[in-house]
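*Asks:* Listed below, chain by chain, are the residues.
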Amino acid sequence: MGLNKTDMSVNIAGVALKNPVITASGTFSAKDSGRFYDISRLGAVTAKGVSAEPWEGNEAPRIAESYGGMINSIGLQNPGAAKFIEEDLPLMRAFGLPVIANIVGKTVAEYCRVVEMLNDADVSMLEVNISCPNVKEGGIGFGTDAKMAAELTREIRRIAKKPIILKLTPNVTDVAAIAKAVEAEGADCISLINTLLAMRIDAGAKKPVLANVFGGLSGPAVKPVALRMVYQVRRAVSLPVIGMGGIMSGEDAAEFLMAGADAVAVGTAALVSPTAPVEVLEGLEKFMEEQGFCSIEELKESFKEA
Amino acid sequence: MQQDLRVLTGIVKYNNEIAAQVYEMTIAAEGMGNFIPGQFINVYLDDKSMLLPRPISISDGSNGGITLIYKIVGKGTAQLSECRVGAPIRVSSPLGNGYSIKEACSGSSVALVAGGMGAPPMVGLAKALKERGACLDVFLGFQTGAYLADRFETVARDLYIATDDGSTGFHGNVVELLEKNDRVYDEYFSCGPRAMLKALCGYAANVGRNVQVSIEERMGCGYGACVGCSCRIMESGKTTRKSVCKDGPVFAGKDVVWD
Ligand SMILES: Cc1cc2nc3c(=O)[nH]c(=O)nc-3n(C[C@H](O)[C@H](O)[C@H](O)COP(=O)(O)OP(=O)(O)OC[C@H]3O[C@@H](n4cnc5c(N)ncnc54)[C@H](O)[C@@H]3O)c2cc1C
Ligand SMILES: Cc1cc2nc3c(=O)[nH]c(=O)nc-3n(C[C@H](O)[C@H](O)[C@H](O)COP(=O)(O)O)c2cc1C
Ligand code: FES
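Residue numbers (our numbering), protein chains in the order written: chain A, 1 to 306; chain B, 1 to 259.
Next comes chain B alone, as it looks inside the complex (with noise of 0.2 Å):
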């Protein structure tokens, strides 16, 4: 059996808040390897009342360092907020499926499609499928602000916000915003949640696309061993269980079962 991941050291090289209680973080880890959109590491952290590691996913890499971008929602969270640069921070290789960007070829259309947090990993797949010769556009949806958008501007052709507030872009949520913008694109992807994606899934229906979906469970390992974060999905006609950590976070929208 092939041992191909790991849990490494790295070193933390920018830690910075980008909006209200979102952080962005570069970590240099040698041997971290490749990643695909859509994935995630495990985030160890060094206190005993956190044993289990923090799923993040990868907003972003390249020459064996990654972005993270995360929202302070709790004490882990906190904590990593509080990393400074040059400390050691311990992760794992990345983990999951990620999103499958092989039929989205050149002169393709797409759509990303976030909510809240669902956003940081729809910077590295915007750049792995603009470099697929995709045309892309971008709907971000939040509930009050923006935050992310500068990361889209060179790869979107065209990027749409939706706040629930209405503080900016559309007032509304982001599939509404989708449905008014009136156009059907070739495959849609996205990240955000639950109720959310549930949504887009209907629409994507509608309009007869597929749609990827990245969805979030509580994890226990994070890698597989333990079924701790199942969810639900559909397979050959049958209500199947699957984890999230290892057969997902990515499945296709149309096999979630959602309630």
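Isolated chain A, as found in the complex (with noise of 0.2 Å):
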């Protein structure tokens, strides 16, 4: 696309980032969606959840549709911290990105375990999932509550050698008091947001169409939820933001910057188009190109409140 006039870096809790494009965790694989589109091209790469020890996941079916959007109960299926730098790091390493590794714990203690590993890992960024709905214990747990999320902010930020991301949950009353929690413990950046929790009947069936019965919730359908959230977390600290949740298209990219993202990420929509990620990077460029952005600050700064 070469628009060479466009300068669309970012850089996020001093991570130099080439455009503002990111995949969203749990919705990439380095090795499966690179056979569809040149990853290099994205700004960076985020890696699924990824636990100390490796986790099983809940039973299947773990995927629903819903008008706008899919209902997922994956339960954080991973094959551990170790197995991950082994296998799938070199190959996210290979696109030349920041890599983002995304990481899940039960207690305190597991989340700990898991910085350890990837400390001396060749990863970027560490982005802290306190937000899957899908698992029993932990997780959303330290998502729903400042002080549980602050003590877990406090202790990562501790021991971590690299920048940590704490990615929110949508399943609270006021984002922006979860938001404030963790910046005051150091987090160095937050991201936004992960799925809301949901369900779907099989009326026919006349029971869940979920095994797990709850799944989070994802796709275009969420988009106005997780735009307003930017919004306000973006006016309660001062931390980089990088936004998500119905990112379908350029200008969706563009309301999220606007919102006051720094950077966004493309989950759902890469299951839907397994392109996507790259199509909604093209489709920015040539929203800023129309609209004569030389920056993504210039088109940030471009928001006007109402």
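It should be emphasised that the hints constitute simulated quantities derived from the structure, not laboratory data. Heads up, some of the hints might be wrong.
[Said to hold, decoys possible] Here are a few chain B residues that sit away from chain A, every Cβ distance over 12 Å (derived from the structure):
| hint | residue |
| --- | --- |
| 1 | 85 |
| 2 | 100 |
| 3 | 131 |
| 4 | 155 |
| 5 | 199 |
[What the hints assert, rightly or not] Some, not all, of what chain A presents toward chain B, calculated at C-beta under 10 Å:
| hint | residue |
| --- | --- |
| 6 | 23 |
| 7 | 31 |
| 8 | 32 |
| 9 | 34 |
| 10 | 65 |
| 11 | 66 |
| 12 | 67 |
| 13 | 74 |
| 14 | 268 |
| 15 | 269 |
| 16 | 270 |
| 17 | 273 |
| 18 | 274 |
[Unchecked claim] Computed far set for chain A versus chain B, every beta-carbon distance over 10 Å:
| hint | residue |
| --- | --- |
| 19 | 16 |
| 20 | 85 |
| 21 | 97 |
| 22 | 109 |
| 23 | 116 |
| 24 | 121 |
| 25 | 122 |
| 26 | 159 |
| 27 | 171 |
| 28 | 206 |
| 29 | 207 |
| 30 | 208 |
| 31 | 236 |
| 32 | 249 |
| 33 | 300 |
| 34 | 301 |
Cβ coordinates follow ideal geometry from the N, Cα and C atoms, glycine included.
Join these two chains into a complex; the hints should help.
*Replies:* Here you go:
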């Protein structure tokens, strides 16, 4: 697309990204997504959630569809941090982009163990998932309680050698309060939103569609909620913000940047169309060109409060 | 990294009901490339209430075209059945592993065993096995009636049909039919409902033969990005999670952990 006059670069907590489009955790595989498009064109890649030990995840069916979205109950199935470092990370590194690891745990100690395991691995940032609605213990428990979120952030900040991103859940009354709590304890960045707790029923079968009953709603249906929360968090903290939730197009990405995000992540769209992340990037470049923006900063600053 | 997969816009060339609620669709899609029998494609629908692709097995194909055979079971397949000839349709390149037919050399005897909508991928598989010189018998099981039987006439040595209600062929299920038939093949290939596949794996273990089974699971992406389609597979004595869309849909029957 060679729009050499448009500067797409952004800086997130000291990490330089050549453009603001990132893959969202859990919706990207270096090996498999890379068969559809040139991943090195993106700004950064995020791995799926990884725990200290392997996790099995939930029973199938794990996927349900809904109008304008989908509900997943994967339950953070992952091979554990050791295997992630050995097998997935080298593949992700090969794109020459910053790599964001996404970490999960059931207790503070478990989160800290993953951080220690990843401290010396070749990752650029750690995204701390305190927002997964699909695991019984930990995860979202830390993200819905400002005190617990703060304590976890403090412990991780103490030992982490990389910038830490706290990934927030929309399943709270006051997202700004959680954002402030993690900022106060040394979070370097905030990402949001994770999925919204949801369910579906198969009326014919008269039972829930998901084996786990509940799952997390994502996709275009959640975009207005995500946008509102990014807007609120932007005005509550001074940390960089990675915005996500239902981004399907370049204009969607522009909306998040205007709401106050410094970068954006594309998740469900990559399931709906495998090349979505790079299409969002191209769409954003086109939008900026049409609007005459020379930089992401200019685009962000163009936003007028009502 | 090689970018060898695409989502492309094909053209519907044929879309007709071949049995009650069962449709055959031919799609011309340049750049689709070759497929391995047992692979599937993602069909992307243009409807906001159906964002996720529908996985459908490639039944047959040649010269930049593929044939799908699908049954109407919900909104997506109903919409598919309304596609008119000449209409564009978005589909992925062939996905998944497909059946391994290396072992089935000239002169070997194989049985293709399908239940219901497990029959479509058997059409292309039968052709490929025949080309390799394998001698094949086909066993098809249905709830009622029988469709696709004509597609095997020129490639199968013998064709056996079982129906649950006895309306066509053997009255009973297809595994019972195999047992009754009392002929042991060098290898078995199968696709169908989970209960049938499980019973067939039990049968194959009894007669000491390998069976390759194609399994189904609800999918998100259909290409390995989301871990939505997880199943349990034995690997070096340990149960591991595998993705149906990427590691499968075809697995060695002896490795599948059924429940
Ligand atoms: C590898 C593979 C190959 C398949 N090959 C064929 C084929 O050749 N012919 C054929 O008729 N069907 C095939 N199926 C099943 C087919 O994918 C479903 O019938 C179809 O997705 C139903 O969509 P719907 O919108 O009509 O149904 P709905 O029930 O409305 O669909 C709702 C959601 O559930 C999913 N879903 C529903 N049933 C199934 C199922 N059995 N398997 C996986 N996902 C399902 C849908 O994709 C969709 O996301 C295959 C499935 C898999 C996994
Ligand atoms: C299948 C699937 C798996 C996900 N796995 C993770 C995960 O492992 N860790 C995490 O922090 N978020 C995970 N998420 C949440 C996404 O990263 C993202 O926050 C959310 O889906 C909203 O964005 P979207 O609407 O663009 O998908 C997952 C989402 C989906 C759909
Ligand atoms: S459906 Fe996404 S990994 Fe198989």
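*Asks:* Evaluate each hint against the coordinates.
*Replies:* Evaluation of the provided hints:
no., hint, result
1, 85, "25 Å, holds"
2, 100, "20 Å, holds"
3, 131, "28 Å, holds"
4, 155, "32 Å, holds"
5, 199, "20 Å, holds"
6, 23, "9 Å, holds"
7, 31, "7 Å, holds"
8, 32, "3 Å, holds"
9, 34, "4 Å, holds"
10, 65, "5 Å, holds"
11, 66, "8 Å, holds"
12, 67, "5 Å, holds"
13, 74, "5 Å, holds"
14, 268, "7 Å, holds"
15, 269, "9 Å, holds"
16, 270, "6 Å, holds"
17, 273, "7 Å, holds"
18, 274, "6 Å, holds"
19, 16, "23 Å, holds"
20, 85, "18 Å, holds"
21, 97, "13 Å, holds"
22, 109, "25 Å, holds"
23, 116, "25 Å, holds"
24, 121, "21 Å, holds"
25, 122, "18 Å, holds"
26, 159, "28 Å, holds"
27, 171, "21 Å, holds"
28, 206, "16 Å, holds"
29, 207, "14 Å, holds"
30, 208, "13 Å, holds"
31, 236, "32 Å, holds"
32, 249, "14 Å, holds"
33, 300, "29 Å, holds"
34, 301, "33 Å, holds"
Of the numbered hints listed earlier, not one is contradicted by the structure.
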